[in-house]
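Protein chains in written order, with full-length UniProt numbering: chain Z, 1 to 455; chain P, 1 to 455; chain X, 1 to 455.
It is possible that some hints are incorrect.
Stated by the list, open to error - Calculated lysine to any residue pairs in the SDA-like style (CA-CA distance at most 20 Å, straight line):
no., chain 1, residue 1, chain 2, residue 2
1, Z, LYS378, P, ALA40
2, Z, LYS204, P, PHE330
3, X, LYS320, Z, PRO435
4, P, LYS378, P, HIS362
5, X, LYS378, Z, ALA40
6, X, LYS204, Z, GLY436
7, X, LYS320, Z, ALA40
8, P, LYS320, X, LEU10
9, X, LYS320, Z, ARG9
10, Z, LYS320, Z, LYS331
11, Z, LYS320, P, ARG9
12, P, LYS320, X, GLU433
13, Z, LYS378, Z, LEU170
14, P, LYS320, X, PRO435
15, P, LYS204, X, GLY436
16, Z, LYS331, Z, LEU170
17, Z, LYS320, P, LEU17
18, Z, LYS320, P, PRO435
19, X, LYS320, Z, GLU433
20, P, LYS320, X, ARG9
21, X, LYS320, X, ARG274
22, X, LYS320, Z, LEU17
23, P, LYS378, X, ALA40
Since the hints were made in silico from the structure, they are not lab data. Being a predicted model, the structure only gives us computed values, none of them experimental.
Single-letter residue listing:
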Amino acid sequence: MARVPRHRRLVLPLLCLLFQGATALLFAIFVRYNHETDAALWHWGNHSNVDNKFYFRYPSFQDVHVMVFVGFGFLMVFLQRYGFSSVGFTFLVASLTLQWATLLQGFLHSFHGGHIHIGVESLINADFCAGAVLISFGAVLGKTGPAQLLLMALLEAVLFSVNEFILLSLLGVRDAGGSMTIHTFGAYFGLFLSRVLYRSQLEKSRHRQSSVYNSDLFAMIGTIFLWVFWPSFNSAPTALGDGQHRTVVNTYYSLTASTLSTFALSTLVSGDGRLDMVHVQNAALAGGVVVGTSSEMMLTPFGALAAGFLAGTVSTLGYKFFTPILESRFKLQDTCGVHNLHGMPGVLGAILGVVVAALATHEAYGDGLQSVFPLIAKGQRSATSQAVYQLFGMFVTLVFASVGGSLGGLLLRLPFLDSPPDSQCFEDQVYWEVPGEQETETQRPLRAVESDTQA
Amino acid sequence: MARVPRHRRLVLPLLCLLFQGATALLFAIFVRYNHETDAALWHWGNHSNVDNKFYFRYPSFQDVHVMVFVGFGFLMVFLQRYGFSSVGFTFLVASLTLQWATLLQGFLHSFHGGHIHIGVESLINADFCAGAVLISFGAVLGKTGPAQLLLMALLEAVLFSVNEFILLSLLGVRDAGGSMTIHTFGAYFGLFLSRVLYRSQLEKSRHRQSSVYNSDLFAMIGTIFLWVFWPSFNSAPTALGDGQHRTVVNTYYSLTASTLSTFALSTLVSGDGRLDMVHVQNAALAGGVVVGTSSEMMLTPFGALAAGFLAGTVSTLGYKFFTPILESRFKLQDTCGVHNLHGMPGVLGAILGVVVAALATHEAYGDGLQSVFPLIAKGQRSATSQAVYQLFGMFVTLVFASVGGSLGGLLLRLPFLDSPPDSQCFEDQVYWEVPGEQETETQRPLRAVESDTQA
Amino acid sequence: MARVPRHRRLVLPLLCLLFQGATALLFAIFVRYNHETDAALWHWGNHSNVDNKFYFRYPSFQDVHVMVFVGFGFLMVFLQRYGFSSVGFTFLVASLTLQWATLLQGFLHSFHGGHIHIGVESLINADFCAGAVLISFGAVLGKTGPAQLLLMALLEAVLFSVNEFILLSLLGVRDAGGSMTIHTFGAYFGLFLSRVLYRSQLEKSRHRQSSVYNSDLFAMIGTIFLWVFWPSFNSAPTALGDGQHRTVVNTYYSLTASTLSTFALSTLVSGDGRLDMVHVQNAALAGGVVVGTSSEMMLTPFGALAAGFLAGTVSTLGYKFFTPILESRFKLQDTCGVHNLHGMPGVLGAILGVVVAALATHEAYGDGLQSVFPLIAKGQRSATSQAVYQLFGMFVTLVFASVGGSLGGLLLRLPFLDSPPDSQCFEDQVYWEVPGEQETETQRPLRAVESDTQA
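Using the sequences and the hints, build the whole thing.
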């Protein structure tokens, strides 16, 4: 390997130290425990029976945390020579995002008395923001260095938080599992960013942009944890009781349907009738994305199956036919195919939310209308106008994502950020000390042992 | 590879689409949210303090989901060239099973007013059925194609649900963690099915029916998650309070004892005093199976240790001595050794349940008798007659499993189901696009990078 | 390989059987279900609203169980030829420890009426003890056989339990997440033990004391689960409500900061500006260790960031500069670098606990003082004297660990325990049947398939 230029030795650590110093300072000034978390503010008497939720957020948080880190972290390990970076940079980028999102979301949602007040719910929300950033990471995987990713996270967390605030707080849009705020936003932010960073000479690294047998199995760890924990992810911010249960049930069945349609379509579209592991790793999960908005609503079990089936179909077809066109026609290089797993299913999920919201009636929801559509329950909105707001929320998200991602791309072209050269994309050795090859290493000791004991 | 025959390109997708279409239709007609899940039916006022259980099923469900998918999914990745199929077909088969079991169990358990009513408990029960199907999958692993497995799941889910209904609802048998309904049923269904599908020419694929270093480590992911989540699995359907706690405690200690006996026996029976990874991957888990029936009962902590120790011993001896005999004498090819991990320990667990039920007294259980043995508590049964019913339940299960598995074997011999030829068993390439070899692929990019940077 | 001497074939199984027999006997005599777990002792009426905790310990237990087994188990798989032993012996050693710790902790904490009374909380405490033993295992990884490890576990569990009892019950020290009782104790016990077992000829096995690409990825499974579940680990024994929430929040942020400082420092200290996977696998986790004592206290969110940042820094510098010195100057061979991940951050965490305890005021804690510092709340101690007790607790721990570890080293030098020879350290084949090499095995079947189908 060529020597690493001197400046690289400094850019990444300086950015880490600078950002960590800044967020720590802001934490010192602004961040305080909220009344669920502060020893002096908590009183058992304050918490009625229903406030059992103060505990229930805790297993929900832990499940979301698994989903984001184990799931997204390992899903990206599929590249043959980029496993260290995939899982390592996931930690790096997500750690900064969690701190930074806490500040941004805190200023927007829980700032009073000069302080941000945080608790376990803040952690769930910060994890959601990290999820969006990791989705964007998937679009540029292998083509960006860690310093670039830190800047991306910084910008994306701001826009994510503002977009989420506009949708949830200003527009009264419902989006518990984040079809819009997480998946659509994260995917199109990453895709526009990747478009700006288009590499015409990426062919030089193409031989590394594929999996090997074991890297595909590692990636299946990510897939399986995402599949298993998606019900918890979508239901984490919903109302306890029926809301949480309904979200879990809908997400569960949607995922089973997207898995079946993925296997059907993957076989149908392949040249020789064989399954493609890329589809199973990704499209099988589209059922979780597509009900992100509507799973807390009265989607019905059949609706969940239909939605999941559609999402798996669209996602598989996207991998087969759309991704190559995106690259050849639109100069959009999407390493993980986030357009197929998060982009299209996210938009579909937003539209599904529009439809299900439009169908909301007092009969169907009863007293539960208050927690799912509070503005309809209070008579401030009709179901139709809620649906229009939902649709508007989707467009706001697309605007934020596309403008933000484009700006992000320009930002990441700053020369000192040490982007990998075209011939060294998808390669861990650019950023990591990589140990020797397994083949040689495992044979040598074996022989050593043998000669050792024969002697 | 030979060309894939044209019909294969259509059988799997057509079955997926057909089954998904049929279950979706049945969902549309019959399946509705239950009162815990429906927005209009839920009222906080309905739920007393004890009804906290409506939340508590949620972490239980999530744990069972992890156990079934991560655990059983990865445990089967041990074959050197069958990892894609093991974990991929787990998704495929389990997804169909979850939908189908929801319908079947719903008709039997929660059908009223013309509808099936589902909630988070339905998901746990469907996951249990998927567990049984995945156990049967283990017996035929590598020797059946995905279309065959879908048919197997369809039939097995029916018989599982009927058998479970007869045991739990008609006979009043107790079997929280499913020593009988899940493990015994799943194992013998798979074994009889495998017997009918006996391949006399399997030698042609024998060189692939073994592990390599990394595939064994992947399989240990499955083992470790099964080991860790088994207490949740066994306790998921038990009564909250002491019932759930007792089940967790008993399962935990039983697993520690089966681990110790597995290590002891594995060393003792090996030719040269070395441990066999197959034993550790499997027999160490037998302690979870063997207390499936009795862990909610007053088994005592010592009883849990003794049961686990016995199960680990029997299971390890089974792998060493019994599996070869099953194949040579009884023409029974059991790829994962499910007879050793689920079959014998399951039957042992059923018998242990008979014994512990026979010893039940009002003194030992106090008020708790109501939730563990409601029929004894109501005076409708003596402890002895409960024990007789337990024993009868085991025989019913064995009959259902053996007759069902045999029928299943005949069904799977339908010629259009595209079974792999004898020479291509245990081989992913039959059904999957498999990426190039690690050895070559990882060396090429390395050299490329080097020459690249030297230039 | 040379023949395994006849005595080895007997030492391990005999120890397993002996120890299992002895603990089972003690279980039969002494261990009974406690009132949360026994059918006859549980009454809903006994449990007020606050006693919801009887359920809440259940998800906490499950999370701790994941952390200890998946986390510590897979973290040690990084060695190229020691994966079977790392994860296999984790099961073996931890299984014995869980049983043995139940007895020891039971005698010290819940012995009345001639019996030990156990429940789900006992499982959490036993898991904590297993965590300490697995930390010590990390120091001697690859240099000790399974029989030695069983003896180590036996001794260490005794000293762990006594030390914990002295700190928590006699001295009134607070240490929820175990900076002292788990990490400091486990690390220095292992380090002193390793010192006594110093091998001057370890060079003969040095070529095996490194990772390969896939073994590093397997180890990242451990890292990621430790990172994700550490908030649950630290909060498992804390008071419900604000205590548990605060611990979760503090641990979460501390880990993000240690991750950022690890990436900064790893780049800065490397020769060529590249990241070292060893740092990311380990030092990134130091933030969880360092707040083990103080995370239940009013550490403040900023305090959590600062502590984590410091811990990541110290830990990374330790791997780079201190570990080589420990070996060359102090003859201390520390395979996993537990001194850097658990030793130094554990001591730092203890000192942090001293400082935060000294700063405790009635204003800052309000009513919560009762659950965090009950002796201060009752007026039996000032904050300063609590701080002194905390500091004293740390020294007691260091004494127990160093004396105990040294004794343990002498014990493990007993000749019949079958320690691996200097030339066969870090090698699975000494204790396991290891399957053939991937390279050969995966190529053979491929060719077989090809010729098969060409024919």
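*Indices of hints not satisfied (ascending)*: 2, 7, 16
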